[in-house]
Amino acid sequence: MNWTGIIAIYLHEMDRMRRTTVQSIFSPVISSSLYFVVFGAAIGSRIPVIEDISYGSFIVPGMIMLALLTQSVSNASSGIFFPKFLGTINEIYAAPLSTTEIVIGFVGAATTKSIILGSLILATGLFFVEIYIMHPFAMILMLVLTSLTFSLLGFLIGMLSTNWEELSIFPTLILSPLVFLGGSLYSINWLPEFWQNVSLVNPVLYLVSGFRWSFYEMADVSITTSLTMIFTFLILNITAIIYIFSKGFKIKD
Amino acid sequence: MSVDILIKIENLKKSFQGGLEALKGVNLEIQRGEILALLGPNGAGKTTLINAICGIVLPTSGSITVDGYDVVKDYRRTRSMIGLVPQELNLEAFEKVFQNVSYTRGLYGKKKDPAFIEKILRDLSLWDKKDSKLRELSGGMKKRALIAKALSHEPKILFLDEPTAGVDINLRRDMWRAVRELKEKGVTIILTTHYIEEAEAISDRVSVINNGEIIITDNKNDLMQKMGQKNLTIEFQEPFNEIPSSLGTYNLKMNNNISLTYTYDSQGSSTGITALLQDIKSAGLKLKDLNSSQTSLETIFEKLLEESA
Chain A
0 MNWTGIIAIY
10 LHEMDRMRRT
20 TVQSIFSPVI
30 SSSLYFVVFG
40 AAIGSRIPVI
50 EDISYGSFIV
60 PGMIMLALLT
70 QSVSNASSGI
80 FFPKFLGTIN
90 EIYAAPLSTT
100 EIVIGFVGAA
110 TTKSIILGSL
120 ILATGLFFVE
130 IYIMHPFAMI
140 LMLVLTSLTF
150 SLLGFLIGML
160 STNWEELSIF
170 PTLILSPLVF
180 LGGSLYSINW
190 LPEFWQNVSL
200 VNPVLYLVSG
210 FRWSFYEMAD
220 VSITTSLTMI
230 FTFLILNITA
240 IIYIFSKGFK
250 IKD
Chain B
0 MSVDILIKIE
10 NLKKSFQGGL
20 EALKGVNLEI
30 QRGEILALLG
40 PNGAGKTTLI
50 NAICGIVLPT
60 SGSITVDGYD
70 VVKDYRRTRS
80 MIGLVPQELN
90 LEAFEKVFQN
100 VSYTRGLYGK
110 KKDPAFIEKI
120 LRDLSLWDKK
130 DSKLRELSGG
140 MKKRALIAKA
150 LSHEPKILFL
160 DEPTAGVDIN
170 LRRDMWRAVR
180 ELKEKGVTII
190 LTTHYIEEAE
200 AISDRVSVIN
210 NGEIIITDNK
220 NDLMQKMGQK
230 NLTIEFQEPF
240 NEIPSSLGTY
250 NLKMNNNISL
260 TYTYDSQGSS
270 TGITALLQDI
280 KSAGLKLKDL
290 NSSQTSLETI
300 FEKLLEESA
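In order, the protein sequence lines correspond to chains A and B.
When we follow numbering that gives the first Met the number 0, the leftmost residue of the first sequence carries the number 0, and every step to the right adds one.
When we follow numbering that gives the first Met the number 0, the leftmost residue of the second sequence carries the number 0, and every step to the right adds one.
Don't read these hints as lab results, they were simulated from the structure.
Idealized CB from N, CA, C, for every residue including glycine.
Careful: at least some of the hints might be erroneous.
[Said to hold, decoys possible] Pulled a few chain A residues facing chain B out of the computed Cβ check, cut under 7 Å:
(1) Asn1
(2) Thr3
(3) Ala7
(4) His11
(5) Leu85
(6) Gly86
(7) Thr87
(8) Asn89
(9) Tyr92
(10) Ala93
(11) Pro135
[As the list claims (entries may be wrong)] Straight line, CA to CA, 27 Å or less: simulated DSSO-like cross-link-like pairs of lysine-lysine:
(12) B:Lys95 to A:Lys83
(13) A:Lys246 to B:Lys7
(14) B:Lys109 to A:Lys83
(15) A:Lys83 to B:Lys72
(16) A:Lys83 to B:Lys111
(17) B:Lys110 to A:Lys83
(18) B:Lys280 to B:Lys252
(19) A:Lys83 to B:Lys12
(20) A:Lys246 to B:Lys229
(21) B:Lys280 to B:Lys229
(22) B:Lys12 to A:Lys246
(23) A:Lys83 to B:Lys132
(24) A:Lys246 to B:Lys23
(25) A:Lys83 to B:Lys129
(26) B:Lys141 to A:Lys83
Just chain B, same shape as in the assembly (with noise of 0.2 Å):
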């Protein structure tokens, strides 16, 4: 099945007046109707990189097409297609919830469609809130209401930058649910985030940046596939004082007087388990318990930066 690319970025480059080389040469594809999660540490250009692709700021060099289009020669059309749920709370202080919705729905050439404005801020439980000013929402409520914004023109495409930064954990869930939601109705989504568990909880795709360079950009499940190593936590009956000697061989770790870590490469051929289990019982050790586990995407995240650094 071939690839529907919506968002194609080739070589993109972003120096600022300061000197700062915010993007250093990006490439990235991203396909239609897919979440996918751009991560990275502080600095590393996941906001240039949004604010480049939304016309907030002009490539040095490179270019950025949306659906065909060229972000900075057929800006309408391209920036008519997305909605951007911005990393900072900025917010008119004394507008109101509804008019300043309204308002961005506006700017995007819409018509006013209060209806429709309804639907979304009662979707994101602010319906109650529409008459009051900005600056009475609490942080969550803040954001809640830069998400509003962000869907009144109806977006094919929504950015998400660090959507969940500062925000309690149910807000967080009802943040995630939204997303699914979204996607389920055909909406790409491209979230950037230093909360790994959230690429990991609901991105398609995710794609590492580091230096103003993307690392990697994969599958979640096939890049946790093969970068992960597997983890198979040994417990048993007795404690023992060192691993013996004639399980030198396997890559073993002591957690504590009475259980082992044995780390395996999930892809490789032969994981050594059936091996390891025959040597312990040659050993004399007597099996409590077993129970594997994946390394996290955190792990592979910090892996990644380390090996590009």
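Looking at chain A on its own, in the form it has when it is part of the complex (with noise of 0.2 Å):
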């Protein structure tokens, strides 16, 4: 393994993080505070306590999962597609490096990025509402496979696009939709039968399901089931990187 290339790019990325700190992190933490400001004491005041639970304290494992997918998918799919667009991508395809190991720099950079994120995410939410975690390994368990997952499939996206626009397709047009129907605002059990069915159909349900879990021991699906979830996400994410690099789909013509 060429350990030395593979932290060669983790710096790089990482680097790239910290000259966009104020896009990267500030902006979704704010995002975040303001959510928990508007529906967690303005609006949640009115919301009736769930099973002893404040609507603002609910929504917070919701508001860390949101920020965990977007940013998760946005942060690797701009950091593999800023040097293709740039043709600064050439450097590392010419350099002694795997597959893998371009995988594990820019992924693994994107995942610190969204780990980080989350954190910082939970320790504003304590300012505004009360939070406590049941369960911290399943926690930090769920908070780990969520960017590492999230951040390969925006690796994955990345690297497909050929331009800003397919860029932008699937976080805007598929993404953001299945997180705000994914139940990070409210429980499912909260709606008609007919649409729980539904919802159950939406992967990010399962995710931001078993992360409340770990916070409240609250769920709209087994943390078994959430957790089997995460990991097939996370296989077939893999498969598909490994799949494409093999072909040289799009990627080395």
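Need the complex rebuilt from these two chains, each delivered in its own frame; the hints are there to steer you.
Structure (structure tokens):
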């Protein structure tokens, strides 16, 4: 393994995050804080407590998950798309690095950014609402696995995109609706039965549910199902990346 | 003396997804320690060939070995030996020079060596720009930064893709000097160019590529001797209106009413100069001056391209 090469990519990407702290860290943290203020303190005070949990506390795991999913995809996709767009990707292709090493470098950095971001949003939430974590290990596991899985997905999108429009299609048209309709701000138990069943098709639901369970033992689906789903997404993403790299599809023409 | 082949390319073909056949069965052997100029017009396949050797494009078929190692199977060994200065000035905008050059060294798995990076930057007159952002550099400075990056991991082979395109004459001379110094250190250098004078000035051998095929590869001097014709310019003391009929059998061209150019094959057993001069004397013309010159590589290149078209 070319560990020095992996570390070079990783640090290079982390440095890019440092240069864009406002965009990649402050912006999502401020957005989440606004949600906590509006939904937690203002509107939330008029929503009855759910199983002894105030609405403000209830939405914290969902808000963190929302930021993790969108920012992981956005960071990882732009992380690999920028060098492709600038043409600087060629120096990575010309270096003695395997596909796996390139993916570890880029996705590792994007995952780290998401974990930092998730932790910051959690810390911010503490200022606005009461939060307790009943299963810290499960919480950390879900945080890491979700960051990793969606960073891999973002990497895949960035790799396959040939222009800015393609880069934004998935986050805007698919991921955002899935995230908002995946129970980040509500429990699917509040929906009519038909829509509850429809919601079960949404993969994001399993992530939000599992993450919320780690906080309050409150879930739409069992934690085992949630973990099975996240592992399945992870394996699917890894398989897809291995496949497209082995074919050189849209990468090394 | 046996020739030490460092890079061997056999029947290399590359077709792109759009259907363009950029390389149509290239065979080329690059010798250790030489400077090879890869000449060809735009779109001839020069960059594709380089990119295939460096691992940036996947060949459709054929093989490339570097020091006996296959560039696909043993890519770690081959790529570690190669440094590439790309044609385009593609650089990260916001990174600083020193940091970015060190980053490239890291990609090649080499431990940090600030002293070595400093030496490269000093050699390339970039040291005072080490803390400048790459986007703040001029075009010529960006080119130097790309060379610094290519040298950062101490390659044994250096590819220079159009190294002096768009750079001023001072930088061009600096680069030629740097290239010669690298050769003295044992680095094998392959440069693509369409500035024939560049190939003429610094290369040992020349390979001409057109439409995805290598037309000829030869020692530069041999090529010039083989393909080159010599011109003898003859200036007379008094003007004349036409070439005297007694000189009709010679390959002569009137430049103006006081000078002629005689073109002859430098490889021929007899150049015909002695006979021509005697016939000029017999025709009553008085010589003022004689000047001989060799056909430039540029003319040879054009001739080769015409023949291959």
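Please name the hints from earlier in the document that this structure breaks, with their numbers sorted from lowest to highest. 11, 20
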